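Enquirer: Start from chain H and add chain Y according to the hints.
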Amino acid sequence: MTALALPVPGTPPAEAAAFWDAQPLFAALGIRVEVLEEGHAGLVMDRNGTNVAGVRDSINGGALATFAELAAHLCLRTVIEDGARLAGTQDLGISYLTSAVGERTVAEARVLRIGRLAVVDVTISDGADGRLNCRARVTCALERDGATS
Amino acid sequence: MPAPPVEQWRERTDAQPLNRALGLRAEEIAEGFTRYRVVRVPGSAAGIDGNEAPEGVSTFAITTAADLALVSAVSTTVQSGRDVMNGTAEMNLTYVAQPLGEAVVTATVVHRGALLAVVDVRVEDDEGAPIAYGRGSYAIRPADGAPR
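If you read the sequences in order, they're chains H and Y. For the first sequence, counting from 1, position 140 maps to 140 in my numbering; every step adds exactly one. Position in the second sequence counted from 1, then plus 1000, gives you my numbering.
Hints in this document: simulated from the structure, not taken from any laboratory. Values in this document were obtained by computation on a predicted structure and should not be read as measured data. Fair warning: there could be bad hints in the mix.
[As the list claims (entries may be wrong)] Computed spacing ranges between beta-carbons, pair by pair:
1. Y:Y1133 / H:L112: 14 to 24 Å
2. H:A14 / Y:P1017: 22 to 32 Å
3. H:E81 / Y:A1097: 21 to 31 Å
4. Y:G1081 / H:E34: 37 to 47 Å
5. Y:R1141 / H:A128: 18 to 28 Å
6. H:R131 / Y:E1055: 37 to 47 Å
7. Y:P1005 / H:L6: 41 to 51 Å
8. Y:R1012 / H:D145: 40 to 50 Å
9. H:D145 / Y:H1111: 42 to 52 Å
10. H:D57 / Y:Y1133: 28 to 38 Å
All C-beta atoms, glycine included, are put in the ideal place defined by N, C-alpha and C.
In isolation and in its complexed conformation, chain H is listed as follows (with noise of 0.2 Å):
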């Protein structure tokens, strides 16, 4: 079987959803693609016996955390030119509003600005009713040509 390649944009939806639903970290930690279009990712992450790990039987903070910022890197994936590469988070910040206790959390991550820094806001929800449970900004370096230009 060939190995799935790291998605750029323009790689088919359903295969860069096939990638990253295949990652090691997205399967303990409960989670899938479910919207990859550009400038845009919606992930969901399924309560499992690794991630429920909170206050009040919830969703861990530090793993909505990385689901938030996982998020942003997707989201980012869809619409890096040509030349340009991420090359990691330099900053995130999280607000905390509610407990994330549903079967399903929804993660949405939309592109405010590409440059230089590209920054994405984060919405987390709870899958079924929409309750927001936290809101992050994450921002992340591109590299363009080798050099973080």
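Expert: Same frame as chain H, but now just chain Y:
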């Protein structure tokens, strides 16, 4: 709750499925302070975070470690019967370097109010060179029946 015996705390913490999945290892705990190590877990996030360093741990793992560290640091300042842990309110992490190997995450409670604790988070490499700076706020509530 006061800092638990270190060995017992390490065993309990390292056995948690989330920590095993992300390579988070407990190292030290004291009043208002904790330290964790992030080690590479085969296949956990190799190359998918944009970090091209072959031995570098992923920022995805560091993110969870930062919250783990700040929560457990706050937990050492909580008194049973007086306070109840009520969840992380805010967390921020700013990277100044990419992790080239393992990462050491320390959390120090810098303010402990009645309803909010503020925690300083540092992420460094094994030589003490900074990888990221962070800050977290953690909510605390009075235990039922405890005076405000």
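Enquirer: If a hint holds in the structure, say so; if it does not, say that too.
Expert: Verification of the hints:
Here the CB-CB span from Y1133 (chain Y) to L112 (chain H) is close to 23 Å, well matched to the stated 14 to 24 Å. Between A14 (chain H) and P1017 (chain Y) the C-beta distance comes to about 30 Å, which sits within the given range of 22 to 32 Å. Taken as a hint, the range 21 to 31 Å holds for the pair E81 (chain H) and A1097 (chain Y), whose Cβ atoms sit roughly 25 Å apart. Take G1081 (chain Y) and E34 (chain H): their Cβ atoms lie about 44 Å apart, and the range 37 to 47 Å holds.
As the Cβ distance of R1141 (chain Y) to A128 (chain H) is approximately 26 Å, the hint placing it in 18 to 28 Å holds. A hinted range of 37 to 47 Å holds for the C-beta pair R131 (chain H) and E1055 (chain Y), which are about 41 Å apart. A beta carbon spacing of about 44 Å between P1005 (chain Y) and L6 (chain H) agrees with the range 41 to 51 Å that was offered as a hint. Taken as a hint, the range 40 to 50 Å holds for the pair R1012 (chain Y) and D145 (chain H), whose Cβ atoms sit roughly 48 Å apart.
Between D145 (chain H) and H1111 (chain Y), the C-beta spacing of about 45 Å keeps the proposed range 42 to 52 Å intact. With their beta carbons about 32 Å apart, D57 (chain H) and Y1133 (chain Y) fall inside the hinted range of 28 to 38 Å.
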